[in-house]
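4 protein chains.
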Amino acid sequence: MIIVLKPGATKEQIKYVVDKIKKMGLKPWISKGVERSIIGVIGAEDAIRLEPLEVFPGVEKVMPILKPYKLVSRDFKKENTVIDLGDSVKIGAEELIVMAGPCSVENEGLLIDIAKKVKAAGAKILRGGAFKPRTSPYSFQGLGEEGLKYLKRAKEETGLLIVTELMDSRNIDLMEKYTDIIQIGARNMQNFDLLKEVGRSKKPVLLKRGMSNTVKEFLMSAEYILSEGNFNVILCERGIRTFEDSTRFTLDISAVPLVKNLSHLPCIVDPSHATGKWGLVPPCARAAVAAGCDGLIVEVHPSPENAFSDGVQSLYPEKFSEMMLELREVAKAVGRAI
Amino acid sequence: MIIVLKPGATKEQIKYVVDKIKKMGLKPWISKGVERSIIGVIGAEDAIRLEPLEVFPGVEKVMPILKPYKLVSRDFKKENTVIDLGDSVKIGAEELIVMAGPCSVENEGLLIDIAKKVKAAGAKILRGGAFKPRTSPYSFQGLGEEGLKYLKRAKEETGLLIVTELMDSRNIDLMEKYTDIIQIGARNMQNFDLLKEVGRSKKPVLLKRGMSNTVKEFLMSAEYILSEGNFNVILCERGIRTFEDSTRFTLDISAVPLVKNLSHLPCIVDPSHATGKWGLVPPCARAAVAAGCDGLIVEVHPSPENAFSDGVQSLYPEKFSEMMLELREVAKAVGRAI
Amino acid sequence: MIIVLKPGATKEQIKYVVDKIKKMGLKPWISKGVERSIIGVIGAEDAIRLEPLEVFPGVEKVMPILKPYKLVSRDFKKENTVIDLGDSVKIGAEELIVMAGPCSVENEGLLIDIAKKVKAAGAKILRGGAFKPRTSPYSFQGLGEEGLKYLKRAKEETGLLIVTELMDSRNIDLMEKYTDIIQIGARNMQNFDLLKEVGRSKKPVLLKRGMSNTVKEFLMSAEYILSEGNFNVILCERGIRTFEDSTRFTLDISAVPLVKNLSHLPCIVDPSHATGKWGLVPPCARAAVAAGCDGLIVEVHPSPENAFSDGVQSLYPEKFSEMMLELREVAKAVGRAI
Amino acid sequence: MIIVLKPGATKEQIKYVVDKIKKMGLKPWISKGVERSIIGVIGAEDAIRLEPLEVFPGVEKVMPILKPYKLVSRDFKKENTVIDLGDSVKIGAEELIVMAGPCSVENEGLLIDIAKKVKAAGAKILRGGAFKPRTSPYSFQGLGEEGLKYLKRAKEETGLLIVTELMDSRNIDLMEKYTDIIQIGARNMQNFDLLKEVGRSKKPVLLKRGMSNTVKEFLMSAEYILSEGNFNVILCERGIRTFEDSTRFTLDISAVPLVKNLSHLPCIVDPSHATGKWGLVPPCARAAVAAGCDGLIVEVHPSPENAFSDGVQSLYPEKFSEMMLELREVAKAVGRAI
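Chains as they are written, first to last, in numbering that gives the first Met the number 0: chain Z, 0 to 337; chain E, 0 to 337; chain Y, 0 to 337; chain G, 0 to 337.
Treat the hints loosely; a few may be bogus.
It does not matter which identical chain is meant; a pair holds if it fits inside one copy or across any two.
Below, simulated DSS-like cross-link-like pairs (lysine-lysine); rule was C-alpha separation at most 30 Å, straight line [as the list claims (entries may be wrong)]:
(1) Lys-5 to Lys-215
(2) Lys-14 to Lys-276
(3) Lys-76 to Lys-31
(4) Lys-77 to Lys-201
(5) Lys-118 to Lys-22
(6) Lys-115 to Lys-276
(7) Lys-276 to Lys-31
(8) Lys-31 to Lys-69
(9) Lys-89 to Lys-148
(10) Lys-22 to Lys-318
(11) Lys-116 to Lys-19
(12) Lys-66 to Lys-154
(13) Lys-60 to Lys-14
(14) Lys-118 to Lys-176
(15) Lys-31 to Lys-19
(16) Lys-31 to Lys-60
(17) Lys-215 to Lys-60
(18) Lys-77 to Lys-10
(19) Lys-66 to Lys-19
(20) Lys-19 to Lys-195
(21) Lys-318 to Lys-5
(22) Lys-26 to Lys-14
(23) Lys-89 to Lys-154
(24) Lys-19 to Lys-115
(25) Lys-202 to Lys-69
(26) Lys-176 to Lys-31
(27) Lys-76 to Lys-201
(28) Lys-77 to Lys-31
Quick caveat, the hints were computed from the structure, so don't treat them as lab data.
Turn these sequences into a full structure, and let the hints steer you where they fit.
Printed below as a string of structure tokens:
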């Protein structure tokens, strides 16, 4: 940690800071510059990070040097984390995994129909919301446990694994019972109690990036889960909020190689929520594969015009099949498979 | 609702949309333009808002006309909502209410000391976090119920009312027991289960705007609480996330008059979190009062350099007292009082 | 255009708006809704777009229906624009065109050396700045005409075409003399006098998207150039400014398919400026090709650690060659070539 | 400057960096930490700032310590700069200066009428655009020199000083002839040739902040003007671009005290462009005064519904007069005058 002092910092002020650092068992060194002096701190930076050093008299600013996360970092673990979901479905390995399905679970017949179609096209995991985060209290809020039962039956029927969103800690037991991967939605990325809860679960977690969270904060939220003992976390880039209003969010494509570089965790992309327009889903999915993601999560609905939510961004099953063919080519081009 | 058709929309496509609208009991009218035609829908727009009309063949875009919120709207209730907290503390009336205190509750003595000082300076409500949302799992997470007890004792000692943050639905009973106002933090503004939970509570709710949420979404989250029966909601602007990195967030000052114009609910401002720098707190607090807010929530700590969290943005009690004197002048200048 | 009236709009207010519309030779129709009425306007929307209708008493908001640009729109021209630069270099055709070279032109020998290397790797156009837009007045500002001469010699030596940035209208003659494509930088995307100037030129124009401009504004700036008679405009997505600070900008990958959908103009991508980190350039370049761009512009420098500007985001020539091989595979996978 | 080395940086890599620093006449010192080592550089940081040290093998990141601007800094000049415009109009002194007038100059009679009204209300300077930056090439582009002549006549008639925008370096002579303050618009804040041009002028410059520029970049653009010899620069906060779409831009109110703290230059606020809605102009203007600005620039038009541009954000003269009365109270409350 580097502590930059104000031009006129007094000896007493410098001594006060230096004493504080020593009291924490750390070693300060001082360097006097032409315009201002700085104090460097050697030793475990974590302890001192919690101190509001910027408030100390004579201090101008404080610059941390080390990354604030540990367990999720590539410094901590060099090799890619591969999450083995059974049935030879592995996330983070050479083969990319595609999760597909409707935004909301609406009824059993429809769900099983979609499940069969996305499986035929190559998807390995069925997505579908039973608990839905909706901006309006008057919008469809999901079928709850009933929806989870439909997902389970779709699994029995097709062999697809299941991913669904957990919104409330009180429903963790339902998740353990019905799903293979627990999804934490973008709006809950910094719901820290929920993160701790799934950190104590044995189920793999799909953590979506918050719409206005930096890559650093994204990794810190994953750190919450790992620090509770659950190392099976799949990161998901799903678009960030910007001034651009012709898409629902802005897909941050560079976050994919960046996250893969900083962390050993697998990283997938959600082109449906990122763009909010089905016509942009295939090109953005191709881009994500080319950029090095480990999988995709895509909304598919047999009649988007009748969907209870997010119809505009859902692909027809035929479009999804076409897209899967294209993605296979792109995956091959970058040394991967789908 | 206005449905804009594509230039080459066929008769069949138009008929399909028109039939859909009629089936919902609504009345469509068609208007043919030079370049493209549009369909207007008369009647309750809510029903049709849930339909993904943009996916219909022949449809280019859909433009809602009405606001998506009802109960929070000034159209629904013309007069300002005034929340009577007892002890002649009213939020939304002529007098502005200042809430002040430390970011985190750290120990009883310190808390009571701050409470006395902020009361002396004119604050009416004591703020302090017992449950703390922290980016890092390794940061101080709050004292939990112990912290709530300290808050209660500070209340007994000073007569100040208490506001503190609820992060997890499972702690709602603790809130009912210890606090006067339940705070929903920015990171939970779209934690819809939590919003419903406090909507069923009898306690007034302080709802902070999410760091990347629009004013419209902010009002929709308030609508969640009102729609469950709790009309005592205080809105709080606390800065939004932008590209500017010299402040922690960007205080959206225009949101104050905008929210007051769109809604009957009281609106306060948090200049401490918005700026992240104590030196900017007084000028931004003055600006908020001048812009017409109904109150402020401010971090105060007797030794910010020893605070467990957010020290950099906390004011010393003396600075807070000075600021209160300035605010009193500005309030008077705009026909209000503190 | 749709004019939404306030709930309590009076007959006189409505008449005033209606008369205004008729006076412009347009045809209004009124539709009375349950909560509020609206007025639709049929006819050329352009005339009325300039009127501040929202200020009229009784008017709540105004919603335009048509796009504000014409000449750049796919509605105006269905087929892709292909810009023939001679020497069988065409932008917008099946083959993707790669532009590469140093950020700044520094000296003749170095430039020719880079030119040979990027040509060998498959680039068709040499980039290099002679006039440099720099945030600081104390940074290297470019060699000016001397730099343009070096570019010309590099062209003679290698046969590569030249693209370089014009910052000041007063240098348009130098551009006509030395370059094959005139670049308008991101910071000048709304320098309207400069846009008009290059609109009157015969040279193709590479128009970079402003760091905080929407796709709509981007197309409007292109419209400026086309409206002056120059239809040879190449659009370039180069990253937008967001809250994310681990990259220099955020590459808006979805802008590529969006722009290709809305406009007939070719669209290329600059992964070097978008990311600001050379390690992210190859994955983002692959993503851009997969998303359907028509070319790339990439910074290459033989010793980035000695570059006068933007060293951190420049690729070594060997890295560039490697990347070109990868891009060739991805291009093939999406039915294109490099 | 602090250079953070990678965990596994070799001795050779460190030596390479150290040698480079010494060659520039600077003094490096090395400090070995537990996880990684760092190199500090003592001496004039400017020289080394231009080197892309981050590209050097073994280097992880580079952190500058000093501010990149000099002449605009409060470190360079402690006292506020007061710009004396003659006729006892001073910007940066105790009295706040209000500039008001129409967005565009439309005709002489109208302009003189507005000028008289804003003067009566207390404005000291008349604003009005003769050259207009417009998003669309089909929008009104301003009257050019004809407009400047009208401004001059309005000055003769009322005694108000004149501020108007310069968009093209080629019109600098017209500016010298007709105006008292040259405005550089937000879209040209990083048009560096234009900045240098007005830097060589004797006229005071009103520099508007770019819609997506940080406060640091804003000060760097001012530095361009000062570094050419013109120290009479007035900074103007006019809203930044964010995700919030209910206002045209987001007024960054905290930029006012921040800029005043970092720089000795006067800082004014434009609430009209910042909000884009006339109803929000008075509360935001009051906020700006309370936050400590040195003046305001406001759009006023006698019939906004007939204005050629920006009608929606213009105040009627009567509203402007009312607002001036309110501002006077707020100014008094913060120890200033209008």
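Consistency of the hints with the structure:
Taking the shortest alpha-carbon separations for Lys-5 and Lys-215, both the intra-copy value of 28 Å and the inter-copy value of 18 Å come in at or below 30 Å. For the homomeric pair Lys-14 and Lys-276, the shortest alpha-carbon distance between copies (24 Å) is at most 30 Å, but the shortest distance inside one copy (59 Å) is not. Within a single copy, Lys-76 and Lys-31 get their C-alpha atoms only as close as 38 Å, which misses the 30 Å cut-off; across copies the closest is 23 Å, which meets it. Proximity of Lys-77 and Lys-201 under a CA criterion of 30 Å is satisfied intra-copy only: 23 Å inside one chain copy versus 52 Å between copies.
Taking identical chains as interchangeable, the C-alpha atoms of Lys-118 and Lys-22 are never at most 30 Å apart, the minima being 61 Å within one chain and 34 Å between chains. For the identical chains of this complex, Lys-115 and Lys-276 are intra-copy neighbours only, at 24 Å inside a copy versus 43 Å across copies, given an alpha-carbon limit of 30 Å. In this homomeric assembly, Lys-276 and Lys-31 come within 30 Å of each other (Cα to Cα) only across copies, at 26 Å, whereas the closest approach inside a single copy is 56 Å. When the C-alpha separation of Lys-31 and Lys-69 is checked against a cutoff of 30 Å, the pair qualifies only between copies, where the shortest distance is 20 Å, while the shortest distance within a copy is 32 Å.
Taking the closest pair of Cα atoms, Lys-89 and Lys-148 come within 30 Å of each other only inside a single copy of the chain (24 Å); across copies the shortest separation is 48 Å, beyond that limit. For the homomeric pair Lys-22 and Lys-318, the shortest alpha-carbon distance between copies (28 Å) is at most 30 Å, but the shortest distance inside one copy (64 Å) is not. For a Cα distance limit of 30 Å, the shortest separation of Lys-116 from Lys-19 across copies, 27 Å, qualifies, whereas the shortest one inside one copy, 64 Å, does not. Neither within a single protomer nor between protomers do Lys-66 and Lys-154 lie at most 30 Å apart by alpha-carbon distance, with minima of 41 Å and 40 Å respectively.
In this assembly of identical chains, Lys-60 and Lys-14 lie within 30 Å of each other by CA distance both inside one copy and across copies; the values are 17 Å within and 29 Å between. In this assembly of identical chains, Lys-118 and Lys-176 lie within 30 Å of each other by CA distance solely inside one copy; the values are 23 Å within and 51 Å between copies. Proximity of Lys-31 and Lys-19 under a CA criterion of 30 Å is satisfied in both settings, with 19 Å inside one chain copy and 21 Å between copies. Proximity of Lys-31 to Lys-60 under the C-alpha cut-off of 30 Å is found in both arrangements, the shortest distances being 16 Å within a copy and 22 Å between copies.
For a Cα distance limit of 30 Å, the shortest separation of Lys-215 from Lys-60 qualifies both inside one copy, at 20 Å, and across copies, at 15 Å. Within a single copy, Lys-77 and Lys-10 get their C-alpha atoms only as close as 44 Å, which misses the 30 Å cut-off; across copies the closest is 23 Å, which meets it. Within a single copy, Lys-66 and Lys-19 get their C-alpha atoms as close as 22 Å, and across copies as close as 27 Å, so both meet the 30 Å cut-off. For the identical chains of this complex, Lys-19 and Lys-195 are neighbours neither inside a copy (32 Å) nor across copies (46 Å), given an alpha-carbon limit of 30 Å.
Taking the shortest Cα distances, Lys-318 and Lys-5 sit within 30 Å of each other only across copies (21 Å), while inside one copy they are farther apart (61 Å). With identical chains, the CA atoms of Lys-26 and Lys-14 are at most 30 Å apart both within one copy (13 Å) and between copies (25 Å). Taking the shortest alpha-carbon separations for Lys-89 and Lys-154, only the intra-copy value of 17 Å comes in at or below 30 Å, while the best inter-copy value is 51 Å. In the homo-oligomer, the alpha carbons of Lys-19 and Lys-115 lie at most 30 Å apart only across protomers (28 Å), although the nearest pairing inside one protomer, at 64 Å, exceeds that limit.
Taking the shortest alpha-carbon separations for Lys-202 and Lys-69, only the intra-copy value of 21 Å comes in at or below 30 Å, while the best inter-copy value is 40 Å. Neither within a single protomer nor between protomers do Lys-176 and Lys-31 lie at most 30 Å apart by alpha-carbon distance, with minima of 62 Å and 51 Å respectively. Within a single copy, Lys-76 and Lys-201 get their C-alpha atoms as close as 20 Å, which meets the 30 Å cut-off; across copies the closest is 49 Å, which misses it. Within a single copy, Lys-77 and Lys-31 get their C-alpha atoms only as close as 38 Å, which misses the 30 Å cut-off; across copies the closest is 23 Å, which meets it.
Taken one by one, the earlier hints fail for this structure at numbers 5, 12, 20 and 26, listed in ascending order.
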